[in-house]
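Chain A is fixed; fit chains B and C onto it per the hints.
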Amino acid sequence: MTKGRNGLSFYEDLIFERSREGAVGYSLPPLDVPKKDPSKTIDSKCLRKDKIGLPSVSEIDVVRHFTRLSLWNYAIDYGIYPLGSCTMKYNPKINEVTASLEGFADTHPYQPYSITQGNLELMYRLEEALAEITGFDRVSLHPAAGAHGELLGMLLIRRYLEEQGNPRSKVLIPDSAHGTNPASAAICGYKAVELKSNKQGRLDLKDLEKALDDEVAALMLTNPNTLGVFERNIKQICRMVHEAGGQVYMDGANMNALMGITRPGNAGVDVLHLNLHKTFSTPHGGGGPGAGPVAVAKHLSPYIPKPVIEKNDKGEYYLDYNPEKSIGRIRSFNSNFGVLVKAYTYILTNGAKGLKKISEHAVLNANYIRARLKDHYHLPYEAETLHEVVFNDKRQEENGVTTLDIAKRLQDYGYHPPTVYFPLIVHGALMIEPTETESKDELDGFADAMIKIAEEAKEHPDKCKNAPTRPVVGRLDEVKAARNPVLRWTPQEED
Amino acid sequence: MEPDNLLFTEEHEWLDADGSEGTVGITKYAAEQLGDIVFVELPEIGEVFSKGDTFGTIESVKAVSDLYMPVGGEIIEINEDLENAPELVNSSPYEDGWMVKIEITDEEQLTDLMDNKAYEVYLKEQE
Amino acid sequence: MKYLPNCGEELQKMLETIGVDNIEELFRSIPEELRLTKPLNLPEPKSEMEVLAGLKHIASKNKTASDSAFFLGAGAYNHYIPTVVSSLISRAEFYTAYTPYQPELSQGTLQALFEYQTMISQLTEMEVANSSLYDGASATAEAVLMTDRIQRKKNKVIVSDGLHPEYIETLETYLHNLPLEVVKVSLTDKEGETDLDALEGAVDEETAAVLVQSPNFFGVIEPLDAVSEICKKSGALFVTTVAEIYSLGLLRGPGAFDADIVVGEAQSLGNRMNYGGPYLGFIASRDKYKRQLPGRLVGMTEDNRGQRGFVITLATREQHIRREKATSNICTNEALCATMAAIHMAALGEEGVREVADTCYSKAEYAKDKLVSIDKVSLVYSGSSFNEFTIDIGKSGIDVIESLAEKNIIAGFPLVYHYPDRENQILVTFTEMNSKADIDNFAKELEGVL
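Going down the list, the protein sequences come from chains A, B and C. Residue numbering for the first sequence follows our numbering, starting at 19 and increasing by one per position. Residue numbering for the second sequence follows our numbering, starting at 61 and increasing by one per position. Residue numbering for the third sequence follows our numbering, starting at 66 and increasing by one per position.
Next comes chain A alone, as it looks inside the complex (with noise of 0.2 Å):
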């Protein structure tokens, strides 16, 4: 019994392909100024004479085509995302009332502080809230998403080890890690030296005894690592890399296993980057936006980004936006607001029960999924697990069926598959986070699901090899798209 089945979709040009000369989808008031001509004071050279070629369509036009697109989505609000460190959880409906209250939306950055003491307000409660819930000094809410995050972070170790005399080139970075890690690092001029993990998935404290030196400005940590395994000897690994003379940063993508459980900034861990938009549950959009607030240790704390947020002794907020020794700034005004704002109406629905209990349930929903299928698949580490639980196609490779024909016949059941191929020291990698938000009914449903495309790689690999058959389209042709990308429409373009 699979939860996907047929339904009636509906074709959808592009947008341009159903303009009309003369359609139009706006409505705005007479001017009510005199009309210039701007050639009056602007040189006719930069004057736009050509169309711009935007289409031109009726409201109805544009409500059509949109939602017909919109069908085409998979999203949570149809079922589970069991994907691995992406924490895919219930976007609750509330955040999106209060974040678009016209009292935080229809603000402006630059208005003075006397009439935004309620956004000042939101955000300097929303530090101390995280600050309570990850264990540090300080939060800066200035990051725009996780990757932009590990810059920052980054960027306040760089900072704070030049002051103490030497920056230092290397960076230590598990063999599990995502990429921006790496990617992070390298903006911020250090090179990257992998570590390799042990049996257990954990990292091998000889292998980072042995790379340890005065060349080595940071470890970055995912803690637990995308293995779901949580890295027990973290204290020890901070206090070797302390002495080192190095700093410890953590990978806060995998947070939400340990919301009132343990605090990262207990264990030694200087810096520490959240998302937003995976723990603190604000919508992914389809891609963003998302926020990724650092929180730092006492003695990075001079060093956060502009501006700063702080309260006077009259109680009133501001924003401060000269402090002595910060780095400067990596975006524009102060935070993804909209997006703080839904997190901390989250953080207030749930309280320190809530959120102590989110990620128990985070924990028993992953290892309900790892204990439904481990008879089935293969679990290349052995380790306990927390909420996210890695499986590879080992036992399916045997008849040819691999990770990716997997994850599409699994389309064809109604599920979003799990992350794939990923960490990369598995090989074919299916790694599975269901979250808190997900029913034991909806984690059957995919664990039966699971088990049945196990036994198709057995009895009928070709239905895995063919899948999908249900969404609106198959397999795409990724080689085509990158040996000949076509990334944007143009008038005469055929496809």
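It is worth saying that the hints were derived from the structure and are not from the lab. Any given hint could be a false lead.
[What the hints assert, rightly or not] For each label pair, taking beta carbons as the anchor points, the in silico distance ranges come out as:
no.	chain 1	residue 1	chain 2	residue 2	range
1	B	E92	C	K218	49 to 59 Å
2	C	G371	A	K21	24 to 34 Å
3	C	R351	B	K177	47 to 57 Å
4	A	S187	C	E89	37 to 47 Å
5	A	D222	B	G79	40 to 50 Å
6	B	T171	A	E212	44 to 54 Å
7	A	D225	B	E143	34 to 44 Å
[Stated by the list, open to error] In silico DMTMM-like pairs for lysine to aspartate or glutamate, Cα to Cα no more than 20 Å straight-line:
no.	chain 1	residue 1	chain 2	residue 2
8	A	K54	C	E113
9	C	K501	A	D50
10	A	K111	C	E97
11	C	K509	C	D434
12	C	K111	A	E402
13	A	K374	A	E342
14	B	K111	B	E70
15	A	K58	C	E420
16	A	K343	C	D423
17	C	K67	A	D231
18	C	K67	A	E146
19	C	K460	C	E512
20	C	K121	A	E114
21	A	K470	A	E416
22	A	K253	C	E97
23	A	K21	A	E35
24	A	K374	C	E90
25	A	K332	A	D50
26	C	K460	C	E471
27	A	K253	A	E402
28	A	K53	C	D505
29	A	K332	A	E139
30	C	K433	A	E473
31	B	K88	B	E104
32	C	K353	B	E140
33	A	K498	B	D64
The structure displayed is predicted, hence computed values, not measured ones. Just so you know, even glycine gets a beta-carbon here, dropped at the ideal spot from N, CA and C.
Chains B and C alone, transformed into the frame defined by chain A:
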């Protein structure tokens, strides 16, 4: 078995040495590992590289690999066909899929390379 | 707890299947010494009613563009957003969807982003655009890193003082640990345009790129054709930044002046001001540089049934494959904001975008005449403008704006925040959202306060 007139590196490049000139490409094994090739980035004519230097990159949809010089040399010709037909590397890795022609700096370095028999043994070890 | 579906009997069955007695056992792998012994110091959970009331109360402490006469821009703009935008973007299929890594399940997002890429290319008159970066400032930094990849051995970039100061600050922070030098060129005192003689003097064979913003931060439209010529002569790449993208509804796209890369902020299209974010960085370039673009690119292709479809393409540039050699570290971007921009541009269309741009220009010109006719007010620069310009009011900008704010007039941006020697200057902005009555009243009240 790979063609017997070629020499091979551990990074799966091949070299066809003809006096002081050589032609370089990647082996069938390497092309298969990468999958359908979508793009090959080649150096400029005149660039000089040492043995082991990265002289370009090769991409499939989901992977990218550096291309390493089997011996030191100067680039004297590049295969411009690869710009519009990168798939030649898949269909004809040893002939039409050649990548660069070089002026070899030090012919002694040729002795460090594997012949086709040694490369075959090496490939078996990879599995 | 309404977001946790498993309880009671079901919970028990799950524990049995796993083979533990309680949830606590599942955390054995975390050492005792690291376990928290008391609850987090956060408030008790709150009901939906209480949360809503609490947030509304906080929001009420702000003044907004909806309840004031609003003349503030400086990189974030108050524009009309058709109701279809919020209506369509509230569809769960758009906002709760994941990144389109499984394209068969993401054709909606992918096609919308493909349309967005096309529209940005059209506005900027460039050949190719990506599907979003974080904002105009980080996009500017990404553009410079891109020029470095293209030019390789050249290690200097020339930046006009006319760029948004936060774009410059961001660029300097990004480049701080990299071997690239930023050299600034000032604006002319009279026109407020980039000093072309100084620019010509600064550009040499070591220059990877020249960056000019138009209209610039002070509102002045820059002579992009002249800058382009200087770049061509020296082999430097010509990069323009755009903070108010609606200007491209009236002005030619920088592609018309042979720009190599155009970056900036597209928040004006369909995205509310949101106190600073999330915004919408954009980048567009020549087709020949597409493999050096940062961020995600959506490409058109075919599926195995011969149907048109879309995929993320040229992914080998990105961090998940190229890791430390990636064109950028960006992963999560501003996809939903880009989708909103696409819906916005579809609704307004060819005529609407041009009409809004024309309206902004006319309103700003009308306001300019009114404000400048006030005794103590003078225009700081003579260069032409689109919808923003800088005035000197002879008194502290911060104080004047503060007093006008009490009358529900948000009068612009006091430049002293970024430029300590511009204490008496403010940047004022006008859009289709400002009525003639509001502008007249602004002029009247400003005169009263001076």
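Hint check results:
no., hint, result
1, B:E92 to C:K218: 49 to 59 Å, "36 Å, violated"
2, C:G371 to A:K21: 24 to 34 Å, "28 Å, holds"
3, C:R351 to B:K177: 47 to 57 Å, "49 Å, holds"
4, A:S187 to C:E89: 37 to 47 Å, "44 Å, holds"
5, A:D222 to B:G79: 40 to 50 Å, "49 Å, holds"
6, B:T171 to A:E212: 44 to 54 Å, "32 Å, violated"
7, A:D225 to B:E143: 34 to 44 Å, "42 Å, holds"
8, A:K54 to C:E113, "51 Å, violated"
9, C:K501 to A:D50, "6 Å, holds"
10, A:K111 to C:E97, "37 Å, violated"
11, C:K509 to C:D434, "13 Å, holds"
12, C:K111 to A:E402, "34 Å, violated"
13, A:K374 to A:E342, "37 Å, violated"
14, B:K111 to B:E70, "12 Å, holds"
15, A:K58 to C:E420, "18 Å, holds"
16, A:K343 to C:D423, "44 Å, violated"
17, C:K67 to A:D231, "50 Å, violated"
18, C:K67 to A:E146, "25 Å, violated"
19, C:K460 to C:E512, "12 Å, holds"
20, C:K121 to A:E114, "13 Å, holds"
21, A:K470 to A:E416, "16 Å, holds"
22, A:K253 to C:E97, "12 Å, holds"
23, A:K21 to A:E35, "35 Å, violated"
24, A:K374 to C:E90, "15 Å, holds"
25, A:K332 to A:D50, "44 Å, violated"
26, C:K460 to C:E471, "17 Å, holds"
27, A:K253 to A:E402, "19 Å, holds"
28, A:K53 to C:D505, "16 Å, holds"
29, A:K332 to A:E139, "13 Å, holds"
30, C:K433 to A:E473, "74 Å, violated"
31, B:K88 to B:E104, "25 Å, violated"
32, C:K353 to B:E140, "16 Å, holds"
33, A:K498 to B:D64, "34 Å, violated"
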